[in-house]
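On the provided structure of chain A, position chain B as indicated by the hints.
2 protein chains.
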Amino acid sequence: MRNKGFLITEAVEPVLIGGGFRPASFSETFQAYNPATGEKLPPLYPVSSWRDLELALKESHQLVPELALTSPEKRARFLSLYADLLEKQRLEIISRAYLETALPAEARLNQSEFPRLINQLRQAAAACEDRSWCQATIDTKLNIRSKYGPLGGVVVIFSPNNFPLAFNAVGGSDLVSAIATGHPVIGKAHPGHPGTTKLMAECLLEALRGSGLPLSTVQMLYHFSSDDGFRLVSQPEVAAVAFTGSRPSGLKLKEAADRAGKLFYGEMSSVNPVFFLPDLIREKAGFLASELFASCSSGSGQFCTKPGLAIFIDDENSRIFLRHLRQVYAEPPSGYLLSPAVQHNLAEAIARLKEAGAELLIGGQPLPGPGFRFEPTLLAISGEQFLKEPAAFQTEAFGTLAVAILVKEASEMIKVAENLEGNLTAAIYYSSSSTADEKLYRQLEPVVRLKVGRLLNNKMPTGVAVSPAMHHGGPYPATNHPGFTSVGIPASFLRLAARHCYDNVSDEYLPEELRAKNPTGRMWRLVDGTWTTEDI
Amino acid sequence: MRNKGFLITEAVEPVLIGGGFRPASFSETFQAYNPATGEKLPPLYPVSSWRDLELALKESHQLVPELALTSPEKRARFLSLYADLLEKQRLEIISRAYLETALPAEARLNQSEFPRLINQLRQAAAACEDRSWCQATIDTKLNIRSKYGPLGGVVVIFSPNNFPLAFNAVGGSDLVSAIATGHPVIGKAHPGHPGTTKLMAECLLEALRGSGLPLSTVQMLYHFSSDDGFRLVSQPEVAAVAFTGSRPSGLKLKEAADRAGKLFYGEMSSVNPVFFLPDLIREKAGFLASELFASCSSGSGQFCTKPGLAIFIDDENSRIFLRHLRQVYAEPPSGYLLSPAVQHNLAEAIARLKEAGAELLIGGQPLPGPGFRFEPTLLAISGEQFLKEPAAFQTEAFGTLAVAILVKEASEMIKVAENLEGNLTAAIYYSSSSTADEKLYRQLEPVVRLKVGRLLNNKMPTGVAVSPAMHHGGPYPATNHPGFTSVGIPASFLRLAARHCYDNVSDEYLPEELRAKNPTGRMWRLVDGTWTTEDI
Chain A
447 MRNKGFLITE AVEPVLIGGG FRPASFSETF QAYNPATGEK LPPLYPVSSW RDLELALKES
507 HQLVPELALT SPEKRARFLS LYADLLEKQR LEIISRAYLE TALPAEARLN QSEFPRLINQ
567 LRQAAAACED RSWCQATIDT KLNIRSKYGP LGGVVVIFSP NNFPLAFNAV GGSDLVSAIA
627 TGHPVIGKAH PGHPGTTKLM AECLLEALRG SGLPLSTVQM LYHFSSDDGF RLVSQPEVAA
687 VAFTGSRPSG LKLKEAADRA GKLFYGEMSS VNPVFFLPDL IREKAGFLAS ELFASCSSGS
747 GQFCTKPGLA IFIDDENSRI FLRHLRQVYA EPPSGYLLSP AVQHNLAEAI ARLKEAGAEL
807 LIGGQPLPGP GFRFEPTLLA ISGEQFLKEP AAFQTEAFGT LAVAILVKEA SEMIKVAENL
867 EGNLTAAIYY SSSSTADEKL YRQLEPVVRL KVGRLLNNKM PTGVAVSPAM HHGGPYPATN
927 HPGFTSVGIP ASFLRLAARH CYDNVSDEYL PEELRAKNPT GRMWRLVDGT WTTEDI
Chain B
447 MRNKGFLITE AVEPVLIGGG FRPASFSETF QAYNPATGEK LPPLYPVSSW RDLELALKES
507 HQLVPELALT SPEKRARFLS LYADLLEKQR LEIISRAYLE TALPAEARLN QSEFPRLINQ
567 LRQAAAACED RSWCQATIDT KLNIRSKYGP LGGVVVIFSP NNFPLAFNAV GGSDLVSAIA
627 TGHPVIGKAH PGHPGTTKLM AECLLEALRG SGLPLSTVQM LYHFSSDDGF RLVSQPEVAA
687 VAFTGSRPSG LKLKEAADRA GKLFYGEMSS VNPVFFLPDL IREKAGFLAS ELFASCSSGS
747 GQFCTKPGLA IFIDDENSRI FLRHLRQVYA EPPSGYLLSP AVQHNLAEAI ARLKEAGAEL
807 LIGGQPLPGP GFRFEPTLLA ISGEQFLKEP AAFQTEAFGT LAVAILVKEA SEMIKVAENL
867 EGNLTAAIYY SSSSTADEKL YRQLEPVVRL KVGRLLNNKM PTGVAVSPAM HHGGPYPATN
927 HPGFTSVGIP ASFLRLAARH CYDNVSDEYL PEELRAKNPT GRMWRLVDGT WTTEDI
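Chains A and B are the protein sequences, given in the same order. For the first sequence, counting from 1, position 423 maps to 869 in my numbering; every step adds exactly one. For the second sequence, counting from 1, position 254 maps to 700 in my numbering; every step adds exactly one.
A portion of the hints provided could be inaccurate.
Note that the list lumps identical chains together, so a pair holds whenever it fits in one copy or between two copies.
[To be verified] Derived lysine-lysine pairs resembling DSS-like cross-links, with alpha carbons at most 30 Å apart:
hint	residue 1	residue 2
1	Lys504	Lys486
2	Lys854	Lys504
3	Lys504	Lys885
4	Lys963	Lys587
These are computed hints drawn from the structure, not numbers from a lab.
One chain only, chain A, in its complex shape:
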């Protein structure tokens, strides 16, 4: 650590390491932006140097065995108490998140994302107490028993810019899964909303105190260099890495984690194609255009499930659909982009799309300040163009941006589907009042099915319900493992779980979940092929 760092320590926010906020070790600082004004916000936050990461690792590592043995009840108590404490700070947290992200304070932050944050914590607390998530599987004849349990190492969480609350590194989906499964956590705040993260970390610390979990269970750093990030995920103490962010950053981090033999879960990019079948376009062109725009512009187009490709057959009706689309995309933007970087990436993406041959139908320009704004943008290409260079049209870019792919005929639509990369979602809109779209649906669906995690019908992909049946994941490069989800409790717990098998172990040495007596009386267990809540 350089002296320079020490000198300005007092003016710089402390980091959460070892059970309390302490001065960071750093040589650089940063500030958040107010996206609505373009101004930098006080205070200064540290870009931690390796010394902070090293300390965070040490503090986390020594808790690995203890946290693996904490009771589900204690973990649940923490998760519930954390939700309670966040609710008490609701206004303060939302206000700061609004300042740092300019996401709609009422409709988005207060009515949608904050409740989701709380809901996740409470669902996780319930799933913890219920214990069924560990899928206890018992062969009574051979006395072999397995269940999911902790990995035996530290979980590192890298959180994204677009969900300051529900995917926050110290309170979002990954944190919840890591705690529920018994791991210490190093959370890297997103530098776009450090103040929000600090407020949440304060509640978290109080919840640790109140629930009896060790105070060092979670370390929180605001920022560190990419190189320190690669170094962090390669350390022996680390068991798994959860990353939500851009594809280039995700792939670099994945490379470092892979090389060191660490579990890596990256949610990296998705263009979320929407297929509009012809008979429905004939019926509802205007409605569909509004529906697409509403989803595409939601959160100013900064959702990982934003519909970025609209695929339909080039015919008379679709020309009407296109006219409607031009109309709705001509609306002025209703919100702000999260940062100058997002604005810059969007402009670059549009330039690349145009260079690859896409026609700009509407929008395409940043808007003057104050604040980071951009015109809603619609581009169009033919199916033939797409098929010549499919990768060129499948780069995710945040912002109200969609590319219409006009295919000649049904068979070309299927070819487009065959040339899709892995995505989080795809939607197929078809007419349910006639059967005219059925034949194409039945040809298209099996192709689309294998390309995505979640397949929707007549529904836009934004809005990812926290349900046990939800899947928020998909084939590479949307994520790097299509078997895991980051949303949906308790399924998301499994990303951070090892399978623990016990062979010939007597009842008193088994974990409660695998003993003869059902530990809660209502935990589901697969006993000799039958799911049951009974004792054995």
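Quick look at chain B alone, frame taken from chain A:
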């Protein structure tokens, strides 16, 4: 392809590509060994050139959508029929396997491994028909439904030398999982038992024909270069790679697969530590020595679950234990090593262990031919030595070889456990007739638990039952994902499964497993939090 390859084509075994055996494209050939005589066995097998791999990829790739849609009944029919046909060829297959591996024909191949092969196929057929493996999860209120389904690409299987039948690339555990989950397969035979693999591939082809699955569902190649292997697993057509073999080969293949964003499942190495607690040693030193030797020498020490480390406290009783161990390890070897390479690796491993400071107690030398034999070998080190350089004593080597670690006291035993790498298994032997070992057990177990997939009590790790509760996997570097198992049906299916979510999809467009009506009337589904076999 060089002309040279064409010229000797007729004398060289054909490969299975595109639904039939066809001349290979190659420029080199190889032969199998008879490990009992050291002689090379006819015929010649091709080391396929890239052209074969390219063809195999093309044939497999075009079946991806079709196989994803095949009915579970058809997949099950194939698996059952394949088992029937293998049983008809039982003697021929076992004879060839005996010739190529010199594993005990009766006790191992006929009474153990062949029944296991058949058992796996029949269990997989039953699991396919049952469908519960796909874990259909249904939220009726939100109409969101998920289940496991195929990955949407080709599965490549690299099989090991030590299980010519039950882990064979075209009939073993991975093949069974890949077919049950609806994938085309490219299987690379292990070059140690090409003739066995060919006999199995012939049955497989007949079973494909008889069951109505496409004939090109499985391609089988005998051998190809490492570089072609890396290239193969990086191709866009490939979705997942299952590898069972050595750590150096596995890590190289993993690197290639990781870089291309492919799922990789490697079972790479394990030394399977066995902890003997002091009171049990006092009671049963002689019995324990025999038990360890029996497991360590089983299959001539060529099991991935071979106990390779024996850890116990250095006291009066353990000196008696050591005397017994010296006695049992002084027995002449009862079998053969699989190849000159295994013999060479074993000699090298012993040299490295000695160089790192291990004391050779007994054995340590290859035996003169004919055949590949080696003296049972026992080495010893102190706990202090181990803790100075833990990695040096944790390299897997096939052969009847164990390293005894004599620790000073209980706390040092726990430190040894803390310094273990990830393993497939660990066993703790304790006295169940007294409570003297209990305290140490309770300190040791939580440490060991997080280091291994399967934890055994008073039982040796060799012998991996095919049970739904079995786990054959473990933390890195034993495997690269501790959440997945390669043995145990249907759990092993999940390595090759993506999660498929349906959001707002009406009944007629849902896969059968997610419709209102339970497709089999007995398939388990998690409906609104309750496991049930009922219709919705």
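Here is what the structure says about each hint:
Neither within a single protomer nor between protomers do lysine 504 and lysine 486 lie at most 30 Å apart by alpha-carbon distance, with minima of 34 Å and 55 Å respectively. Taking CA atoms no more than 30 Å apart as the test, lysine 854 paired with lysine 504 passes between copies only; the shortest distance there is 27 Å, against 60 Å inside one copy. For a Cα distance limit of 30 Å, the shortest separation of lysine 504 from lysine 885 across copies, 28 Å, qualifies, whereas the shortest one inside one copy, 60 Å, does not. Taking the closest pair of Cα atoms, lysine 963 and lysine 587 come within 30 Å of each other only inside a single copy of the chain (16 Å); across copies the shortest separation is 32 Å, beyond that limit.
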